[in-house]
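Visitor: Please build the complete structure, drawing on both the sequences and the hints.
If you want the building blocks of each chain, they are given just below.
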Amino acid sequence: MIYEAGKYDVIVIGAGHAGCEAALAAARMGVQTLLITLNIDTIALMPCNPSIGGPAKAQLVREIDALGGEMGIMIDKANIQIRMINTAKGPAVQALRAQIDKKEYQKEMTKTLLDQENLDLLMGEAVAVETDDRGVSAIITRTGARFECGAVVITSGTYLQGRIIIGDVVYDGGPGNQYPATELSQSLKKLGLSMGRFKTGTPPRIDRKSVDFSKMIEQPGDEEPYCFSFMSDPPDREQLSCWLTHSTTETHAIVRANLDRAPMFTGVIQGKGPRYCPSFEDKVVHFANRDAHQLFIEPEGRDTDEMYIQGLNTSLPEDVQVQVLYSIPGLENVKMIRTGYAIEYDYVVPSQLKPSLECMKVEGLFTAGQINGTSGYEEAAAQGLIAGINAALKVKGQPPFTLLRSESYIGVLIDDLITKELHEPYRLLTSRAEYRLLLRQDNADLRLTEKGREIGLVSDERWNRFLAKKSKIEALRNTLQQLTVTPADDTISKFLRARKSAPIRDRISLWELLRRPEVKIENFVELDYIDQYEKEILDQVEIQAKYEGYINKQREQVQRFEKLENKPIPEDINYQDVYGLSSEAKQNLQEIRPVSIGQASRIGGVSPADISVLLIYLEKKRRNYEHEYGN
Amino acid sequence: MYRLRAKERVVKAMYRDDIVALSTPPGESGVGIVRMSGPDVIQKAAQIFQPYNPETDITKKAGYTLTLGWILDAHGEAVDEVLLTVMRAPRSYTGEDVVEINCHGGLLPIERCLQRCMDAGARIAEPGEFTRRAFLNGRLSLDQAEAVIDIIRARSDRGLKLAMQQLQGKLSEYLEKLEERLIYANALVEASIDFPDEVGDPDYEELRQVLQESQESVERFLAAGERGELYRQGIKLAICGKPNVGKSSLLNLLIGKDKAIVTDIPGTTRDVIDEIITIRGIPVQIMDTAGIRETEDLVEKIGVRRSRETIEQADVVIFLLDVSTGITEEDREIYASIDQERLIVLVNKEDLEDKEISAQELEENFGLLRVIRGSVKEETGLDELEQCIEAMVLEKSGSDEGMEIMTTLRQKEALLRSRDFIVSALQSLEQVPLECLSVDIHGAVEALGEITGKSFHEEVLDRIFQEFCIGK
Ligand SMILES: Cc1cc2nc3c(=O)[nH]c(=O)nc-3n(C[C@H](O)[C@H](O)[C@H](O)COP(=O)(O)OP(=O)(O)OC[C@H]3O[C@@H](n4cnc5c(N)ncnc54)[C@H](O)[C@@H]3O)c2cc1C
Ligand SMILES: Nc1nc2c(ncn2[C@@H]2O[C@H](COP(=O)(O)OP(=O)(O)O)[C@@H](O)[C@H]2O)c(=O)[nH]1
Numbered sequence: 001m002i003y004e005a006g007k008y009d010v011i012v013i014g015a016g017h018a019g020c021e022a023a024l025a026a027a028r029m030g031v032q033t034l035l036i037t038l039n040i041d042t043i044a045l046m047p048c049n050p051s052i053g054g055p056a057k058a059q060l061v062r063e064i065d066a067l068g069g070e071m072g073i074m075i076d077k078a079n080i081q082i083r084m085i086n087t088a089k090g091p092a093v094q095a096l097r098a099q100i101d102k103k104e105y106q107k108e109m110t111k112t113l114l115d116q117e118n119l120d121l122l123m124g125e126a127v128a129v130e131t132d133d134r135g136v137s138a139i140i141t142r143t144g145a146r147f148e149c150g151a152v153v154i155t156s157g158t159y160l161q162g163r164i165i166i167g168d169v170v171y172d173g174g175p176g177n178q179y180p181a182t183e184l185s186q187s188l189k190k191l192g193l194s195m196g197r198f199k200t201g202t203p204p205r206i207d208r209k210s211v212d213f214s215k216m217i218e219q220p221g222d223e224e225p226y227c228f229s230f231m232s233d234p235p236d237r238e239q240l241s242c243w244l245t246h247s248t249t250e251t252h253a254i255v256r257a258n259l260d261r262a263p264m265f266t267g268v269i270q271g272k273g274p275r276y277c278p279s280f281e282d283k284v285v286h287f288a289n290r291d292a293h294q295l296f297i298e299p300e301g302r303d304t305d306e307m308y309i310q311g312l313n314t315s316l317p318e319d320v321q322v323q324v325l326y327s328i329p330g331l332e333n334v335k336m337i338r339t340g341y342a343i344e345y346d347y348v349v350p351s352q353l354k355p356s357l358e359c360m361k362v363e364g365l366f367t368a369g370q371i372n373g374t375s376g377y378e379e380a381a382a383q384g385l386i387a388g389i390n391a392a393l394k395v396k397g398q399p400p401f402t403l404l405r406s407e408s409y410i411g412v413l414i415d416d417l418i419t420k421e422l423h424e425p426y427r428l429l430t431s432r433a434e435y436r437l438l439l440r441q442d443n444a445d446l447r448l449t450e451k452g453r454e455i456g457l458v459s460d461e462r463w464n465r466f467l468a469k470k471s472k473i474e475a476l477r478n479t480l481q482q483l484t485v486t487p488a489d490d491t492i493s494k495f496l497r498a499r500k501s502a503p504i505r506d507r508i509s510l511w512e513l514l515r516r517p518e519v520k521i522e523n524f525v526e527l528d529y530i531d532q533y534e535k536e537i538l539d540q541v542e543i544q545a546k547y548e549g550y551i552n553k554q555r556e557q558v559q560r561f562e563k564l565e566n567k568p569i570p571e572d573i574n575y576q577d578v579y580g581l582s583s584e585a586k587q588n589l590q591e592i593r594p595v596s597i598g599q600a601s602r603i604g605g606v607s608p609a610d611i612s613v614l615l616i617y618l619e620k621k622r623r624n625y626e627h628e629y630g631n
Numbered sequence: 001m002y003r004l005r006a007k008e009r010v011v012k013a014m015y016r017d018d019i020v021a022l023s024t025p026p027g028e029s030g031v032g033i034v035r036m037s038g039p040d041v042i043q044k045a046a047q048i049f050q051p052y053n054p055e056t057d058i059t060k061k062a063g064y065t066l067t068l069g070w071i072l073d074a075h076g077e078a079v080d081e082v083l084l085t086v087m088r089a090p091r092s093y094t095g096e097d098v099v100e101i102n103c104h105g106g107l108l109p110i111e112r113c114l115q116r117c118m119d120a121g122a123r124i125a126e127p128g129e130f131t132r133r134a135f136l137n138g139r140l141s142l143d144q145a146e147a148v149i150d151i152i153r154a155r156s157d158r159g160l161k162l163a164m165q166q167l168q169g170k171l172s173e174y175l176e177k178l179e180e181r182l183i184y185a186n187a188l189v190e191a192s193i194d195f196p197d198e199v200g201d202p203d204y205e206e207l208r209q210v211l212q213e214s215q216e217s218v219e220r221f222l223a224a225g226e227r228g229e230l231y232r233q234g235i236k237l238a239i240c241g242k243p244n245v246g247k248s249s250l251l252n253l254l255i256g257k258d259k260a261i262v263t264d265i266p267g268t269t270r271d272v273i274d275e276i277i278t279i280r281g282i283p284v285q286i287m288d289t290a291g292i293r294e295t296e297d298l299v300e301k302i303g304v305r306r307s308r309e310t311i312e313q314a315d316v317v318i319f320l321l322d323v324s325t326g327i328t329e330e331d332r333e334i335y336a337s338i339d340q341e342r343l344i345v346l347v348n349k350e351d352l353e354d355k356e357i358s359a360q361e362l363e364e365n366f367g368l369l370r371v372i373r374g375s376v377k378e379e380t381g382l383d384e385l386e387q388c389i390e391a392m393v394l395e396k397s398g399s400d401e402g403m404e405i406m407t408t409l410r411q412k413e414a415l416l417r418s419r420d421f422i423v424s425a426l427q428s429l430e431q432v433p434l435e436c437l438s439v440d441i442h443g444a445v446e447a448l449g450e451i452t453g454k455s456f457h458e459e460v461l462d463r464i465f466q467e468f469c470i471g472k
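Protein chains in written order, with this note's numbering: chain A, 1 to 631; chain B, 1 to 472.
FYI, nobody ran anything at the bench for these hints, they're computed from the structure.
Every residue gets a Cβ at the ideal spot worked out from N, C-alpha and C, and that includes glycine.
There could be a bad hint or two in this list.
Pulled from the structure, derived: some chain A residues nowhere near chain B, Cβ distances all over 12 angstroms [to be verified]:
(1) Asp-303
(2) Glu-461
(3) Lys-535
Straight-line distance between alpha carbons at most 30 angstroms, and here's what the computed DSSO-like set of lysine-lysine pairs gives [as the list claims (entries may be wrong)]:
(4) Lys-420(A) x Lys-454(B)
(5) Lys-454(B) x Lys-586(A)
(6) Lys-621(A) x Lys-354(A)
(7) Lys-586(A) x Lys-161(B)
(8) Lys-420(A) x Lys-177(B)
(9) Lys-355(B) x Lys-377(B)
(10) Lys-420(A) x Lys-161(B)
(11) Lys-553(A) x Lys-412(B)
(12) Lys-412(B) x Lys-161(B)
(13) Lys-563(A) x Lys-553(A)
(14) Lys-354(A) x Lys-454(B)
(15) Lys-272(A) x Lys-454(B)
(16) Lys-454(B) x Lys-563(A)
Ranges of calculated distance between the beta carbons of each label pair, as one might list FRET restraints [to be verified]:
(17) Leu-83(B) x Arg-507(A): 47 to 57 angstroms
(18) Arg-123(B) x Arg-237(A): 52 to 62 angstroms
(19) Pro-220(A) x Gln-209(B): 32 to 42 angstroms
(20) Glu-238(A) x Glu-219(B): 51 to 61 angstroms
(21) Glu-180(B) x Thr-248(A): 30 to 40 angstroms
(22) Asn-289(A) x Glu-180(B): 13 to 23 angstroms
Guide: Encoded structure:
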């Protein structure tokens with residue numbers, strides 16, 4: 001029986017990484033929000049690797065943080081190890097990565113949700129979304145509750161028609177033996193959404209006490225760890241190590257001998273898996289000439305002996321998994337705690353979404369996270385934040401909030417999702433961003449805090465911190481640009497000689513001097529030219545000086561890029577009416593319905609000539625309009 | 001209702017860069033118009049143009065004024081004598097500032113004039129871009145919109161076809177190799193950045209080698225273009241006449257004059273391809289050279305199918321007469337067998353005393369044809385001959401010639417940019433962080449993509465997953 005259970009502005013379905021951000025954002029923007037999820041004990045569960053961050057992903061977390069999202073703060077509370085990777089490869093691709101205590105992360109997030117004003121939590125399974133002529137109107141749970149609402153954000157992750165596969169054992173299920181959501185998919189299809197099926201997998205977990213670490217290489221954390229959130233101060237806690245080992249020819253022989261039982265190859269698995277995250281059996285087959293694949297053994301938490309084996313994601317039969325483990329140096333006597341598995345699930349084809357993550361077909365219905373065909377906690381959280389913000393704006397009757405590719409990785413992620421055809425689960429990479437040098441993790445706050453403030457997600461505390469930082473950066477920049485040294489200056493000459501740096505010929509500013517690779521900003525502090533600033537300020541200004549040439553070049557490119565992004569295409573355009581478009585362009589434009597000429601130009605099958613045709617069509621419309629209504 | 005969200009964001013503001021195009025290809029008169037449009041074109045023109053009157057400053061000139069002068073090359077030498085017209089926004093075809101340069105020389109000077117505009121910072125216009133700008137800037141009326149679209153479509157489709165045509169054969173082989181190497185270089189760098197755990201630091205030695213190979217390919221590609229052997233199809237030229245009229249001598253002269261003779265085109269054997277020379281920048285293939293070389297008289301072979309075919313295939317046939325022998329029966333026979341539209345009559349040996357061919361006789365026999373008098377020995381009449389050949393080529397190729405030049409220049413520009421990026425990457429290898437290196441490599445790949453209109457992003461990713469074992 002269905003009963004009327006209440007009324008909310010925004011309802012978020014699913015309390016994974018996307019759902020948590022969505023619910024918090026909506027509630028913080030002052031709308032009444034309900035977060036409904038299958039299991040309150042598994043809020044913000046990390047079903048796969050116990051780490052967050054890395055290239056592109058760390059940038060995402062920093063952007064979420066700058067906009068007033070939660071993930072960065074949670075990581076800073078729940079991490080057990082922090083490392084900055086790619087340090088030698090340049091400031092824009094440097095990335096923080098944290099090993100996380102999974103349970104602690106869940107605990108912190110659950111607490112944050114419970115403490116949040118305007119937000120209610122409910123355990124239950126959403127089975128249907130109802131609509132009326134204005135779009136989304138209500139959702140219904142398996143236990144018969146009907147909640148009216150103005151907007152819905154679905155963040156159901158890998159749970160829709162979830163199917164677990166371990167060898168020839170196959171059963172319906174969500175990750176980690178959670179139960180799957182079996183009806184919501186059907187309801188979405190009925191609303192006209194087209195759905196696809198993807199696959200992903202996870203490695204077995206093992207007991208720390210049974211591991212021989214003497215055969216492995218230790219991977220400790222950084223000595224002076226950075227934080228993810230611009231709000232956090234450096235932590236003062238013990239860091240745990242990860243361990244590096246590898247597979248052997250024996251391991252590979254075991255896998256090969258059992259390929260006839262591997263669902264990846266027997267046709268049992270039909271969903272498409274990600275190439276950047278292949279199963280171990282895939283690696284053995286496709287890189288047959290390799291004798292070893294590296295494997296990282298990572299703690300799942302501080303208070304548990306369970307450990308994760310990065311690199312060994314598999315759906316081989318359980319007995320084979322055990323043999324595989326025994327063949328790995330250090331794991332000869334290992335005890336397996338959880339079996340690795342593959343999971344297949346339904347996703348919503350994301351080209352049906354607008355940049356706000358609202359479905360084009362159903363007004364007020366938003367989707368975010370793995371349901372949109374992405375993978376990864378960070379990708380999920382970023383979309384959750386944007387969907388939550390836009391759901392709140394929708395019920396408030398305000399225009400949507402979107403970000404461009406040129407200002408954020410979030411913009412790259414969402415634009416890719418809604419514009420390009422998806423062939424495998426989507427993961428963000430730094431190489432997907434055209435303006436990588438501008439989209440650094442160190443300047444995410446400078447890029448986005450003001451925007452977060454405008455939409456009301458940036459607290460006074462964050463705002464003041466930001467303003468103080470910004471003015472310090474300005475001050476230091478000015479100082480460096482104004483302070484000059486001359487060849488007659490003994491201090492600098494001596495310093496340059498000691499650094500084996502060429503002597504200066506003319507008067508030169510410290511800013512210019514800083515462009516030399518061998519000159520570091522700390523040197524100016526040591527030489528007493530400038531005051532001691534916080535490390536983040538010094539880092540920021542040093543990057544701005546050292547990479548100024550590259551950065552300015554990208555800025556120019558961005559200006560050109562944004563001209564096309566800022567040229568809107570009206571929502572109600574009928575491409576069939578546009579004279580001169582190629583038929584392929586017509587079809588793809590009709591399907592993807594780009595919001596700007598810029599987005600249109602990135603759609604497959606749309607040529608520069610088609611773009612010209614579109615421009616002329618729009619101009620024609622404009623003139624007709626002007627003619628009819630005057631200027 | 002049509003929702004006009006950004007009326008204030010005028011379309012005009014979108015395209016602010018300067019473009020250049022050959023708007024009228026040189027016709028028989030040999031005059032071609034190179035047109036630049038954009039906010040800064042008058043300034044750009046001033047950089048490459050020297051007025052006759054040193055007092056004249058074209059940047060100060062009012063709209064629709066003409067100035068005579070020279071286009072200068074990078075060293076300040078005159079490329080061509082031109083008539084330059086300044087038009088000021090909004091009273092011009094595109095509604096922007098426009099500079100029109102009326103060149104007269106042949107194709108080569110026009111190409112160089114375009115090149116100079118590019119050197120000054122203008123970019124080669126996309127097919128139909130002038131028309132599009134004209135419309136978007138309100139210079140064409142509403143009811144012309146569909147016609148504008150037709151023009152743009154036609155030009156782009158034709159341009160694409162031309163680009164493809166030009167990229168056939170050897171050129172496409174170079175291109176494929178170059179693409180493959182660059183994509184691999186790009187994959188090496190990006191894999192190391194995005195998958196540091198699995199891939200580690202890139203192997204710089206390998207990277208250097210891949211980049212060097214890329215550079216070699218791009219240079220080979222460019223050289224092929226310089227020789228003209230592949231960019232433009234050029235024309236086929238046959239020389240005929242009775243024995244001893246001076247065919248081999250003329251051939252040797254033409255070949256001797258052109259130092260850039262190509263005889264070792266890879267993949268082709270010498271006796272098949274004949275000699276290729278350039279005449280006024282046009283690649284010219286001289287047919288059946290072997291025949292002439294062996295002093296086998298074409299006359300004797302008239303009636304022999306092969307020779308007739310040779311002449312039929314030729315775009316231009318030079319028919320030699322000997323002024324000292326007069327017009328003989330033999331001459332008339334040969335003449336009768338050649339399609340007149342493609343014929344140039346060269347009356348040779350004008351240096352000799354006894355002239356048996358009078359102007360009147362020529363008029364009577366070849367009245368409507370191009371007739372040139374000269375001497376191969378003294379090298380007179382050669383300029384006229386070349387001019388004549390060029391004019392015939394232009395006639396033959398009609399308006400496509402302009403587009404071909406444009407396509408060629410666009411491709412060349414992209415190739416040069418690609419090469420510069422590769423060179424810069426090689427120089428900064430190991431000196432700058434990987435992500436800065438990636439800017440260059442990426443730039444090289446992108447520039448290459450412009451040639452074929454491809455975007456290589458997905459291919460780079462494919463390559464990463466194919467080469468490196470990535471994943472948890
Ligand atoms: C086996 C496995 C392997 C993975 N491997 C990788 C990997 O290698 N690399 C990587 O980057 N990422 C991997 N991930 C993905 C990563 O875990 C997810 O991308 C991320 O957690 C997705 O976040 P989300 O918020 O979209 O969904 P989830 O974290 O899955 O959360 C979904 C939430 O929705 C709730 N829910 C679902 N349906 C309903 C409903 N009908 N009603 C109410 N609540 C509902 C669930 O209870 C859950 O709380 C893997 C995930 C799994 C399961
Ligand atoms: N005086 C004079 N002799 C020429 C001229 N052109 C060619 N000859 C001579 O004419 C002869 C025949 O020339 P050749 O080129 O072998 O004629 P072909 O049989 O047509 O190839 C040679 O002795 C040449 O030197 C010319 O312009 N003037």
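Visitor: Can you name, in rising order, the numbers of the hints this structure does not satisfy?
Guide: none
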